[in-house]
Amino acid sequence: QKEVEQNSGPLSVPEGAIASLNCTYSDRGSQSFFWYRQYSGKSPELIMSIYSNGDKEDGRFTAQLNKASQYVSLLIRDSQPSDSATYLCAVSRYGGSQGNLIFGKGTKLSVKP
Amino acid sequence: DVKVTQSSRYLVKRTGEKVFLECVQDMDHENMFWYRQDPGLGLRLIYFSYDVKMKEKGDIPEGYSVSREKKERFSLILESASTNQTSMYLCASRFRDRGLSGELFFGEGSRLTVL
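Chains as they are written, first to last, in the working numbering: chain E, 1 to 113; chain W, 1 to 115.
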């Protein structure tokens, strides 16, 4: 069974701090990795995608990928109360049907003012 | 602007009823997906469709069927609703050409309660 694992949290950080969210996956053939943000009562929205080893930065968000360790992370710098949400890690399946994603169960982030 | 619309935000049905959940996207996406989301279990794929009249089972297809007669519309059908199908149902779509790189766009969700 191919899996994506995340700490469920809640992860609580003070406003202005760096929030670090982690994700591990079991499918060595996975090629594409995504972070979705989901506010309470809302649907998920994509915030970052990463396809190659290393870091990818977009504003206050940095995604990090290490395929050898099967590890993906999301760093949120200068965390704001508006960042309080559940963050879902999603990983593409290798082989089989094209384009399927496996989602982790999500990490709930709480940013305290 | 990207739009995935699910026909009903909240539904209450009785055990044994047939339930239709409709999803329409206006982005000319080839791929469409149905997920359910439950506390502690995360998002789980029920069915997906690569294109019109094509469908494939996801991880938890039992008790569900789907229909994709037109490109913009993907319907999820519960032939005989059961209480364990009480859940939040999320529809999503994506361009086929983006393949594994493609962003999923989600609808607002349909919260189904089966009594």
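No lab work stands behind these hints, which were simulated from the structure alone.
Beta carbons are placed, not taken as given, at the ideal position from N, Cα and C, and that holds for glycine.
It is possible that part of the hints are untrue.
Interface residues of chain W toward chain E, partial, derived using beta-carbon atoms under 10 Å [said to hold, decoys possible]:
#, residue
1, VAL12
2, GLY16
3, GLU17
4, PHE20
5, TYR35
6, GLU56
Output the numbers, in ascending order, of every earlier hint that fails for this structure. Numbers 1, 2, 3, 4, in rising order.
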